[in-house]
Amino acid sequence: MTAHIERINIPLTSPLIIAALLFSTAACSNPSTVSSSNNKSTATESKEVSTSDSDTQTATKSTTQTDTSKPDFTTKAIATFDEPWAMTALPITDSKAPKLLVTQKTGELFIVDTATGNKTKIEGVPTVAYGGQGGLGDIIVSPDFATSNTVYLSYAEAGTGSDSNKFGAKVIKATLSGLETATPTLQDITPIWQQSPKVTGQGHYSHRLLFSPDGRYLYISSGERQDKDPAQDMNGNLGKIIRLNPDGNTPTDNPFTDNELAKQFWTIGHRNVLGMAFDDSGQLWAHEMGPKGGDEFNIIEKGNNYGWPVVSNGRNYSGLDIPDHDTKPEFAAPKITWTPVISPSAMSIYAAGTHNDFPSWQGNALISGLSSKALIVVGINDDNTTAERYRYDMGERVRSVLAVDGQVWTLEDGNDAQLLRLLPK
Numbered sequence: 001m002t003a004h005i006e007r008i009n010i011p012l013t014s015p016l017i018i019a020a021l022l023f024s025t026a027a028c029s030n031p032s033t034v035s036s037s038n039n040k041s042t043a044t045e046s047k048e049v050s051t052s053d054s055d056t057q058t059a060t061k062s063t064t065q066t067d068t069s070k071p072d073f074t075t076k077a078i079a080t081f082d083e084p085w086a087m088t089a090l091p092i093t094d095s096k097a098p099k100l101l102v103t104q105k106t107g108e109l110f111i112v113d114t115a116t117g118n119k120t121k122i123e124g125v126p127t128v129a130y131g132g133q134g135g136l137g138d139i140i141v142s143p144d145f146a147t148s149n150t151v152y153l154s155y156a157e158a159g160t161g162s163d164s165n166k167f168g169a170k171v172i173k174a175t176l177s178g179l180e181t182a183t184p185t186l187q188d189i190t191p192i193w194q195q196s197p198k199v200t201g202q203g204h205y206s207h208r209l210l211f212s213p214d215g216r217y218l219y220i221s222s223g224e225r226q227d228k229d230p231a232q233d234m235n236g237n238l239g240k241i242i243r244l245n246p247d248g249n250t251p252t253d254n255p256f257t258d259n260e261l262a263k264q265f266w267t268i269g270h271r272n273v274l275g276m277a278f279d280d281s282g283q284l285w286a287h288e289m290g291p292k293g294g295d296e297f298n299i300i301e302k303g304n305n306y307g308w309p310v311v312s313n314g315r316n317y318s319g320l321d322i323p324d325h326d327t328k329p330e331f332a333a334p335k336i337t338w339t340p341v342i343s344p345s346a347m348s349i350y351a352a353g354t355h356n357d358f359p360s361w362q363g364n365a366l367i368s369g370l371s372s373k374a375l376i377v378v379g380i381n382d383d384n385t386t387a388e389r390y391r392y393d394m395g396e397r398v399r400s401v402l403a404v405d406g407q408v409w410t411l412e413d414g415n416d417a418q419l420l421r422l423l424p425k
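Sequential numbering of the sequence shown, starting at 1, is according to the numbering used here.
Please keep in mind that the hints were generated in silico from the structure rather than gathered at the bench.
Built from N, CA and C at the ideal position, the CB exists for glycine as well.
30 Å max Cα-Cα, derived DSSO-like pairs, lysine-lysine:
1) Lys425 <-> Lys119
2) Lys96 <-> Lys121
3) Lys99 <-> Lys76
4) Lys228 <-> Lys166
5) Lys166 <-> Lys263
6) Lys76 <-> Lys119
7) Lys121 <-> Lys99
8) Lys119 <-> Lys99
9) Lys99 <-> Lys70
10) Lys70 <-> Lys96
11) Lys119 <-> Lys96
12) Lys228 <-> Lys302
13) Lys302 <-> Lys263
14) Lys328 <-> Lys302
15) Lys121 <-> Lys76
16) Lys96 <-> Lys425
Distance ranges between label pairs, derived from CB positions:
17) Phe145 <-> Asp383: 33 to 39 Å
18) Ile92 <-> Leu423: 15 to 21 Å
19) Asn235 <-> Lys425: 49 to 55 Å
20) Gln187 <-> Pro143: 18 to 24 Å
21) Asn245 <-> Glu330: 26 to 32 Å
22) Asn235 <-> Pro424: 49 to 55 Å
23) Asn415 <-> Pro213: 31 to 37 Å
24) Asn356 <-> Glu123: 34 to 40 Å
25) Pro191 <-> Thr327: 39 to 45 Å
26) Lys328 <-> Asp416: 40 to 46 Å
27) Thr106 <-> Asn235: 30 to 36 Å
Produce the complete structure using the sequences and hints provided.
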């Protein structure tokens with residue numbers, strides 16, 4: 001079955017030339033490893049969209065979804081960015097078009113009015129260690145944003161002194177002041193958490209941020225920094241999913257008690273978690289970049305060990321095999337694995353709101369893909385079985401996807417990257 005996407009550039013933006021980045025089969029998100037060519041048309045174009053093949057999944061495939069029709073959409077360009085990394089929505093008021101906060105790896109933070117495409121730069125962002133996969137990372141708003149104007153950001157930070165050639169992710173909270181003015185700024189910056197130890201290299205920070213549905217806990221994904229072994233090391237917080245109180249203190253009911261640092265951990269044995277989301281039942285899901293093959297979609301449960309680097313359904317880049325998950329049942333196995341990889345970069349759960357643009361996606365996970373240049377829709381059933389339902393060829397590396405009030409937005413990767421709204425046909 002095929003469908004078509006029509007891309008529409010509206011007059012809010014000037015003609016764009018986007019670098020189409022070619023990517024290897026390795027699930028690495030660092031654009032420096034790709035070659036580029038200028039091939040994006042500024043006119044309306046049709047693109048064939050292919051559904052997923054059954055052999056892209058090596059785990060659970062059963063599903064109770066009854067609506068098998070694949071919805072079509074067009075895309076409308078709203079604004080452009082250079083090396084964007086994350087986006088989140090400010091609380092919607094008076095049924096107005098949402099305003100989004102968008103980060104750029106180079107250290108810029110913007111407010112975007114999706115009704116007009118206007119971008120306003122926010123001052124006061126801390127200095128970031130830009131390079132490789134590092135720079136300004138995730139952005140989320142506090143559950144009490146309506147009264148506190150508090151936001152949380154993650155970014156790569158360089159060490160000092162003898163550690164000046166080492167790096168690690170850092171999470172801060174800050175007050176977003178002057179929101180309705182021409183000069184918004186971050187104030188009252190407070191450190192919340194940081195990766196320990198800082199290490200050389202600038203890959204696999206992860207540093208994805210997420211609040212629990214009740215707003216009581218802050219979850220942080222901490223990558224293993226391309227160093228494998230830290231994912232199983234209880235003396236460092238690399239290769240873990242962290243669970244904290246919003247002020248950065250450690251909840252007393254976290255599962256690990258090996259030492260003070262380990263008390264932060266919710267789960268261990270992760271490689272590079274770039275997407276986390278709660279479904280409408282309150283269950284936490286995450287996707288994870290595998291090595292050469294073996295991207296994962298995991299149900300995240302308290303105290304679990306997900307096995308990296310002991311097990312993986314992918315191989316080392318050298319070609320050396322890694323034991324599959326089913327060889328060591330003591331580790332939590334993924335619900336879905338992808339080989340060839342999709343290079344998952346972000347995730348959002350679709351829920352109808354004031355709008356319901358894609359009713360057949362209700363409760364599904366929307367996953368943005370880098371090397372796959374795709375939007376992947378994964379169905380999640382009441383019994384927590386999962387399956388890839390649809391795959392859309394977006395023609396560009398997709399850095400982020402965000403479902404807001406029943407509408408969907410995607411954000412391309414790299415320079416001259418477009419923020420797109422998906423419009424149902």
